[in-house]
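With these hints in hand, go ahead and build the complete structure from the sequences.
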Amino acid sequence: MATGSGRAAHAGAASSRAWSIRIGSLLIPLAHAAGQNVVTVLGLRFMTDSLAISAGTAGLIFALVKIYDGFLDPTVGAWSDRFQSKWGRRLPFLFAGGLAMPLGVVMLFGAPDVGSVLLTEAFVTLALIIHASGYTLMTIPGFAMVVESSTDPDERARLMAWRTYGNAVGTLLGSTLPTWLLGMIGPGRQSHLILAVLVGAIVFVATTAAVRLLRNAPRTAPSAEAARKPRGRFELWRQLVVVWANKPFQILAIAHVFLLFGTVIGSATLAYFTRVVLKVGDATLGTYFMLSTVAMVLSMPAWVFGSRHLGRKACYMIALAVYGANHLTWLLAGPGESTLGIGARALVGGFAGGGMILCAYALLSDAVRYDFVRSGERREGAFAGITTLLDKLSSAASLAALGAFLSAMGYVSSASGASGTQGADAEWAIMMCESVIPALAMAGAFITMCFYRLDAGELALAETTAAPALDPAVDPTGEPT
142 MATGSGRAAH
152 AGAASSRAWS
162 IRIGSLLIPL
172 AHAAGQNVVT
182 VLGLRFMTDS
192 LAISAGTAGL
202 IFALVKIYDG
212 FLDPTVGAWS
222 DRFQSKWGRR
232 LPFLFAGGLA
242 MPLGVVMLFG
252 APDVGSVLLT
262 EAFVTLALII
272 HASGYTLMTI
282 PGFAMVVESS
292 TDPDERARLM
302 AWRTYGNAVG
312 TLLGSTLPTW
322 LLGMIGPGRQ
332 SHLILAVLVG
342 AIVFVATTAA
352 VRLLRNAPRT
362 APSAEAARKP
372 RGRFELWRQL
382 VVVWANKPFQ
392 ILAIAHVFLL
402 FGTVIGSATL
412 AYFTRVVLKV
422 GDATLGTYFM
432 LSTVAMVLSM
442 PAWVFGSRHL
452 GRKACYMIAL
462 AVYGANHLTW
472 LLAGPGESTL
482 GIGARALVGG
492 FAGGGMILCA
502 YALLSDAVRY
512 DFVRSGERRE
522 GAFAGITTLL
532 DKLSSAASLA
542 ALGAFLSAMG
552 YVSSASGASG
562 TQGADAEWAI
572 MMCESVIPAL
582 AMAGAFITMC
592 FYRLDAGELA
602 LAETTAAPAL
612 DPAVDPTGEP
622 T
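Under my numbering, the first residue of the sequence shown is numbered 142, with each subsequent residue one higher.
I should point out that these hints are in silico values taken from the structure, not numbers from a laboratory.
A few of these clues could be false.
[Claimed, not checked] The calculated label-pair distances, taken between Cβ atoms and stated as ranges, are:
id	residue 1	residue 2	range
1	Arg449	Ala565	48 to 54 angstroms
2	Leu451	Val258	24 to 30 angstroms
3	Met325	Gly482	20 to 26 angstroms
4	Asp254	Thr470	39 to 45 angstroms
5	Gln331	Leu451	47 to 53 angstroms
6	Ala565	Trp160	51 to 57 angstroms
7	Trp569	Ser516	46 to 52 angstroms
8	Leu472	Leu240	42 to 48 angstroms
9	Gly256	Trp385	46 to 52 angstroms
10	Ser479	Ala565	19 to 25 angstroms
11	Trp160	Gly256	51 to 57 angstroms
Backbone N, C-alpha and C define an ideal beta-carbon position, used for all residues, glycine too.
Following this line, the structure appears as structure tokens:
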């Protein structure tokens, strides 16, 4: 009986830890998605329509910060791979990010009136640098922890589903909640500061809770060779060479660049599109994001089921095709567009977006495990860093292109919080950025994925065969591995 009770207690403890990891894995993307989406959706428009910064300059500021952040990513990734503390390798980075990201959000939307556009531009640039640094400190170690938390590909897929749930809720809190708030209290600068404080508090609380829940998650220690390297020596070029030699990862990275280019332009343009082209208020924009998020959450069981029976690659390609086709339908929209039509697009876009997020990161986790099986080296942070470097560079390119395109087509900036009167060329540019350009980007990702060959089942078999040689290193903190 004692033995049976001990086994039951052990099983209960294991189940409790598994659920702590899942909820912690949900809270990390919830935090960074909330902090990121409020800036992605409203940041560019706030700079052009409330701070009187030209669209071209605003896009350039975003792009330069993204480039800075992109090169910070592999540094943080490599540092977290060999970092040692009583909290393990990753948790200190998560906590620091949970402090920096809210600060950046509040600084951006609370930018003071200094009487100079140049000084305002410098202030919001600093705010975006702090915000982007916090985002990096959360996302890279957070993804690396998921990859190293289980050798079971199905459990990793489940964790990716939990991450997708968290990302969906964070998107809701960072897009729907702020835009509904603006719809109720107006688009002024004080309103933007209120929403920034609210979102910042959400990010801080969610990150703190995640750190606590993940304190007993499985950890691995850096290899002896990695631990001996000077902490300031990050060898970006060596990381790029090693990571890029992983063919499955290479294909996924290229597809992800296309995906990010399309989704970032679509998301950043939507705040302009609803106001300038559809002639509706921010409450409608908030409702769009709410419906999209609900569809994303409800779609998860279907995408998990599909990834098991059709394969992750097939589901990813289906999601890309549906997402691109859905954006093309905006070509048919205009003033007086029915609520039903807007809502239907939100639901379809959310459904497809859920599949893209889940499948992209599930496939990425396979590619990272493939590197581990081949090399025996723990390089999750390096892969996460290079992934986000490519993400940020593609985001930088998309935001710079969006700002330059709108500026070239005559978009008129404002300091009132409302859009200035826009000409036909500016409206046409906004229409293209919300429909054709995202669709073409999804087509590029779809074509790229035709060359992906890694099979999750074969990977699991190879990992099982090599299991004795791939036991995780003992964590010097004494935590379970």
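Going down the list of hints, with the structure as the test:
1. Arg449 - Ala565: 48 to 54 angstroms: 49 angstroms, holds
2. Leu451 - Val258: 24 to 30 angstroms: 53 angstroms, violated
3. Met325 - Gly482: 20 to 26 angstroms: With Cβ atoms ~24 angstroms apart, the hint holds.
4. Asp254 - Thr470: 39 to 45 angstroms: Holds, since aspartate 254 and threonine 470 (Cβ atoms, about 41 angstroms apart) stay within the stated range.
5. Gln331 - Leu451: 47 to 53 angstroms: Roughly 50 angstroms apart at Cβ, these two residues keep to the hinted range, so it holds.
6. Ala565 - Trp160: 51 to 57 angstroms: 55 angstroms, holds
7. Trp569 - Ser516: 46 to 52 angstroms: 51 angstroms, holds
8. Leu472 - Leu240: 42 to 48 angstroms: Because 43 angstroms falls inside the window, the suggested range holds.
9. Gly256 - Trp385: 46 to 52 angstroms: 48 angstroms, holds
10. Ser479 - Ala565: 19 to 25 angstroms: Since serine 479 and alanine 565 have Cβ atoms about 23 angstroms apart, the given range 19 to 25 angstroms holds.
11. Trp160 - Gly256: 51 to 57 angstroms: 53 angstroms, holds
Violated hint: 2 only; the structure is consistent with all others.
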